[in-house]
Structure formats: structure tokens, C-alpha cells
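Peer 1: Take the sequences, apply the hints, and build the full model.
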Amino acid sequence: MDILIYLIPIALVMGLLGLGAFFWALKNGQFDDPEGAANRILQDDPNEGA
Amino acid sequence: MADALHSLKQPMPNLCLHCGQPCSGEDRYCCRGCEAAAQMVPEPEKQRAVLNAPVLSGKDLSVFVSSRDADQHSLVLLIEGMRCAACAFLIEGTLNKQPGVAARVNLTTRRLTLEWKGDKGKAADLIDCVTGLGYTLRPFDTKALQDDDAREEKFLLHCLAVAGFASGNIMLLSVGLWASNQQDMGLVTRDLMHWLSALIAIPTMIFAGRPFFRSAWQALRFGRTNMDVPISVALILTTGMSLFETVHHGEHAYFDSVVMLLFLLLVGRYLDRRTRGKARSAAEDLLMMVAGTATVEEGGVLRLVPIRDLATGMLVRVAVGERVPADAEIVSGQSEMDASFISGETVTQPVVVGDAVYGGMVNVMAPITVRITATHEKSLLADVIKLMEKAEQGHAQYVRLADRVARYYTPVVHALALGTFLVWTVGLNLAWQPALMIAMTVLIITCPCALGLAVPAVQVLASSRLFKHGLLLKSADALERLATIDTVVFDKTGTLTEGDLQLANPAQIGGVNMQWAASLAAHSKHPIARSLYENYGGKLLDVAEIEELPGRGISGLIQGKQVRLGRRDWSAVHAEIPAQDDRPETWLAIDGAEPVRFVFEDSLRSDAAATVAQLQNAGLRVILLSGDRESAVQSAAAKLGIADWHARVTPVDKNNLVEKLRNEGRRVLMVGDGLNDAAALMAADVSISPSTAMDITQNAADIVFQGHKLMAVVEAWRTARRSVRLVKENFFLSFFYNALAVPLAMMGFVTPLIAALAMSGSSLVVVLNAQRVKRG
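Each protein sequence line maps, in turn, to chains P and Y. The opening residue of the first sequence carries number 1 in the numbering used here; numbering runs sequentially from there. The opening residue of the second sequence carries number 51 in the numbering used here; numbering runs sequentially from there.
It cannot be assumed that every hint is accurate.
Unchecked claim - Stretch by stretch, here's where chain P covers chain Y in the computed footprint (C-beta under 8 Å, at least three residues):
1) 154-164
2) 209-218
3) 236-244
Said to hold, decoys possible - Label pairs and their calculated CB-CB ranges:
4) His758(Y) / Asn39(P): 18 to 26 Å
5) Phe23(P) / Gln666(Y): 50 to 58 Å
6) Thr419(Y) / Phe23(P): 51 to 59 Å
7) Val297(Y) / Leu7(P): 20 to 28 Å
8) Ser685(Y) / Asn39(P): 41 to 49 Å
Simulated from the structure, these hints should not be mistaken for lab results. Ideal placement from N, C-alpha and C gives every residue a C-beta, glycine not left out.
Peer 2: The structure is reproduced here in C-alpha cells:
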């Protein structure tokens, strides 16, 4: 069971990285316009032909 | 810029108008599919005629541009008139075609962020680009009140994320702890798990528990309690006790339960705040209407002055489509004004030199020059804003049902826990650690989280059910308020009626007269003419020598004959009509023929009578308040079966009447759509407005309903009553569970595992019960 000494902290660090990424995304304004993001996939790219 | 509009009107030769692929010969579309799709989109020109004229022109908004350096500029604007994502793409596409311009539309907040390289004055061109498409742009004050709300929401989201992360990771460790026992695991491993849980839990508590600790502290400081006090106490004590256990190599540490509790509570709180966040400060919106500039004329020179700086005696030019900035008197020009701000009616009133006009009126027909008679603070608009601000403060004092329950619940629960502790230690001589554990179990098992969820669970579901019926709930406690009403006040135009003018006597007119009238009407901006033109689907004749006279009508030459379309005293002087009939009308006089009368009516919504009947049958008192003429209001009231009606009501009067009703002890629901209803909407206990209303009015209302069915009001009321019933049921279920569990806990029969299970179980029951709001 000694392996837990390494494994658990590694898991926690990875979790913290995820949390950090979430905070960055929040600060960057990624969540500011959920409706816009949802609708943009339907927009036609003006550069393409069709 | 000309290219952008140009490309909308005429495509490049031989490219399909819809998809841009090359097409053969002189065809406008490459295939039948594209042709059919394109026919479904109304032409921008016709769209422009239908949408309102822009409020501020390009040059007015340039003052709000911020510059990063000499040639990097940016500007944030609010877009009005945007109905869907296609509008956003149209705006973005048109603007992004320009070199050096980056435009992005935020669909959620309806903001347009413009960034461009080059000349600062280019802002005017870009703005005209968008207003040319038919949208209205308003300056966006980046220091506005909504930033506070947004910050609060972001803060909650941060706490939520941290709590989520923590509970997930502690659960990881807990699986091991619960699945095993001391013999298999060994003391050291178990202690390691506990310590790691503590390491995660304690910073999480400090960081993510702040919303509750702050709120509880605020309440305690003033000698009150709210829902957050027992929650905070439970959180702190449980964490403390778990830490104590960990340090003393104890067996029971509750980091997982307490962090999960925190996470679920934060979820409930965040969802609650999101629904509340949609209600922007309506008073701010009205203020933004006068945030622009006015064109002041001094000694023959024109200059732009911010509206707040206008003084009495100043001469101001009001262009077509502009709002009068403050109460004033006309000194030159004549026109027709849209007084919907005051009366709610779109029928314009003619004004000439010497007439008084009010701040907020829209100039429809021709440019005029006015002299300011009262500064902005003393204008009618300012009065309405003050009323709305006062009402907003009143709303903030509404104590929610959950908090009212907490007032009693909290002291009782704490007394019980303390009592348990004392009885065990002093009365029954137990050591203080196990006694504390039992007391903690009592606190945990009384589960503030079921109570904390009882209300949001129902409200979130009620919200989504209402949403499916086309109703947007803007603040969660609106449902609570809606359930208690006993009086409903309706506005007439746009609320009980469709809000547009329909031709009432087509049978008496005949095809030829319609064609001639529509041909003339096509060249006028008057709302009656526009209604005529839009309802005519046939071919238009050519008209020469068109002359539009504000206050009178429009004249021209069709097929060599002199034709007039306008007011009776100008185009049909000797015509006779029944005395009582003062509906909006216009007369068509073709040289040499009898004048033909066109009568317009604002038709009632198809289910208005049924809605009123249902409300009255349910025992609610229904009142009609309108700014319109007495005869129109009387006939509408008669058709709907409303005995209590008032006509010619000003916006301030509406507000006062609603307040009078409230002072009598009545609970009032106000349903209105006009700018002139905004103050009354805020003064009422709860308010509903149709989605066809101006943005400002929609923001003032608690609930917005889509579509043409007024029955939505009844639907909302029924759902509100059902929700409140379910919330009470949920509270009862929580209490019932407590009544069972607490004595067991107090007697020490409940192990912490059972306590944790019971806690989650009760929350689950509460949430499942809330689902019942969807049925029935």
C-alpha cells in the first residue's frame, strides 16, 4: 500500500491542473456567451462556397 | 461601407443570391432550393420599413469610443431589435467584411463589441452600417450596475468549481475508507486517507464556504438569522469535529459528507442566482435612453450636447426618428409625434408651433426645433425613473419564504443540538467527545440541505416548465409573489390587444381604392399608412409629385389624377361620420370622386376574453388601465367583461393607482407592454409583459411571455400556485423527516453513516417531489 503515497498526490495534482484550467477559461470569458456558441455552429462560413 | 449595403441589394453578376455559387445565364439563383430558401427571408428594404427608426445616429455614439492607442479603437453597444442568431450573424457578417474591423455579437447579453484599426470617426460609418440594416444601437455603459451582478455570479461559480473538485477527490479517498475497515487497511493508511481528506477539505471550506459564511455573518451582525446560519454552523462544526477526529486517530471523519453538502448547496444557490440574474435593473435602461446627446442650435451653429447638460431655454433640433430629450415647446416645424411613452398608443398626434412635447416622445414625420422648458431632472421621463427606482428598493426587501422559515428553524435546531450535548455530558455523564459527536449528528441530520433545496428545486423546475409554455421567469421569488395575488391590472394596447392597427372596414372599400391608397401609403412613414401598405399584397401603381404634409397627409398624382390620403379636415372636408366613432381613420380622396374612409382598429387578442373570464371565475379582481381614449377603452372593457376600467391614464397615474391598490392591502399583478407601463410594472407585487414589448419594459417585468396567447398569464398563475403548494409540501416532508430522525439521533441510535444517508435521502425526496410541478 506504500504506492499510495505517490499515487494519491499525483491524482490530486492532476485534479488541481483541471481546476486551474477551469478558472483560466472562466477568466478568459469562455463561458460568457453560451447561446452564441451554440448558434455559431449553424452559421455558414462566408469564405466557403456552400 | 457602401459596398456592404450594395452587396445586399444587388449580387455580383451570375452568382446565386442565396449560396454564392455561380449560376447560369441571367438566373438569380443556382437552383430551386436556393430560390425557395431565399424567398423565406424578407428583403432588408422591407424590413427596414417595418422596424423602428434608429434612435441615435452614428455620430452621436462616437463619443463612447475608447482607444487603446492612436489607431486601435473599440466600442461596446447594446443591440435592440435582435430576434435570433441569424440577426447576430447578419450584423457580424456585414461588419467583418470591412477591412480592419473585428465585430463580435454576444447573443446572451445582446452586446456588440466593435474593434477596428484606423480612424476614430469610422465608428459612425460602422454604426450606420448596422442601423441601416434596421437595428437600433444604444451606448453601453461599462460601469453599469450589472457588473456587480456578473461579479457575484462569477464568484459563486468559482466556489462551485472548487467545491466540485474537492468533493470529487475526497470521494475518491472515501471509497477506500468506506469499503474497508481498520483491520484490513491498517491504522496508518486510514490516517493517511483522513489527513489527505482534511488537506483537501479545509482549504475548500475556507474558500468555497464564503457565500454562506458572509451571508450568515451579515444576518447575525444585525441580530437576525437566515437560512445560511445553520448551514454555516453545520459546515464549520462538522469540519472542526472531523479534524479533531483525524488528529486523535479517530474512526469517524466526515470530510466527504461536509464537502458534498457544500457542493450541493452551492449548486442550488448558483442556479437560483442565474434565474435572478436575468432581471437587469430596469431603471438603468431608462436612463440609458437619455444617455445620448442632443443637437443644440446656438446662434446658427449646431453642436452636440449630452442630454444631462441641457438647460431650459436651449434650442434643440429633433430629427426624424429621434426622441425629444426633455420637456419642450415647439418653435419651428410641424410634425407628428409618437406618444407611446405616455399613452401607450402608436397612433401619432400632430403637433405645430407652440405645442408642448415631452421628453421620450418620438418624432415621426418631419424635423422640428424645440425650446427646452424643463430640464431632464424635472421631465416626465425622470419622474418615471424615480418611481421605478423606488419600486426596486421595495422589491429588495421582500423576504423569501425560505428565509422566513429559517427564522424559526435555526434557533430551534441549535437549541436541540446544544440540549443534546448538555444532556449527555451533564445529565448522563458521557465523555465530551462522544457527546459532541452525538450533538453533531443531530445538527447534520436536521439537514439544512433539504430545506435549502426545497425551494430552489421547485423553482428551477417550475421555471423550465413555464419556459416550455413560452414564459420566461426572470426572478425566482416572482413565483412566490404571483401565487398570492388577488387583483390583476391589465394595460390595453399591446397587452389585451395585438398592438397593431388593422383595417376594420375592408368590405366598404373595394379593390381599386385599396390599390390607389396603398400606392400612396408606400411613400409615407406614418403608422397608419404603414399598416395600409403592409396589409396590401397586390401591385402598386406609380405615383408622381409626392408631397407629405405632417399633420395632414400625403398627396400625389396617380394616372394623372390628384390623390390625397390623410386626415378628414384635409382630404374629406365635407364627409360625415357617426358622432361616437373616433377610431383612427384616414381618408382617400381621388380627384372627382367621393372620399373613401379607411377605419383602423386595434384588435383584441383572440383569447383575451377567455383569459379575463378565467381570472374572474377564479375569484380575482380584474382592472383595465389604459392611456387610450375613453371610447376605445370603454368598448374594449365591454367586450371583455371588465367592469373596472380607466382611460387616459398617464404613466405616473398608473403607478399611483397600483400603489393605491397595494396600500388597500391588495396583492397586485400588473400585465403591460408599453414604456408607459414600466413604472406600474415595477410598483406591482409581480408583473408580466409580452415579448413584443420594448426591452426596457421586458426588463421591468418579472415574467415575459412569448407569442400571442394571453392565456399564458393564467398558466403562469396556476403554475405559481402549484409551485408554492409543492414548496410547502417539501418543507413538510423535510420537517417530517426531521421529526423522525432527530429523536433517534438525540438518543444516540444514529451512527454518522446513517446520518449522512438520511441527509442525502431527504434531499432526494425533496427534489423528486419537486418534479411534480411538471405534471398537472
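Peer 1: A separate judgement is required for each hint: does it hold in the structure or not?
Peer 2: How the hints compare with the structure:
Residues of the region 154-164 of chain Y lying with their CB closer than 8 Å to a CB of chain P number 5, which satisfies the three-residue condition for coverage. With 4 residues having a beta carbon nearer than 8 Å to a beta carbon of chain P, the region 209-218 of chain Y meets the requirement of three or more and the stated coverage holds. With 3 residues having a Cβ less than 8 Å from any Cβ of chain P, the region 236-244 of chain Y passes the three-residue criterion, so the hint holds. In this structure the hint that histidine 758(Y) and asparagine 39(P) lie 18 to 26 Å apart at CB holds, the actual value being about 25 Å.
For phenylalanine 23(P) and glutamine 666(Y), the hinted distance range of 50 to 58 Å is satisfied, since their beta carbons lie about 55 Å from each other. At roughly 56 Å, the beta-carbon separation of threonine 419(Y) and phenylalanine 23(P) lies within the given 51 to 59 Å, and the hint holds. Look at valine 297(Y) against leucine 7(P): about 24 Å separates their beta carbons, and that is inside 20 to 28 Å. Between serine 685(Y) and asparagine 39(P) the beta carbon distance is about 44 Å. The supplied range of 41 to 49 Å therefore holds.
In summary, the structure agrees with every hint in the numbered list given earlier.
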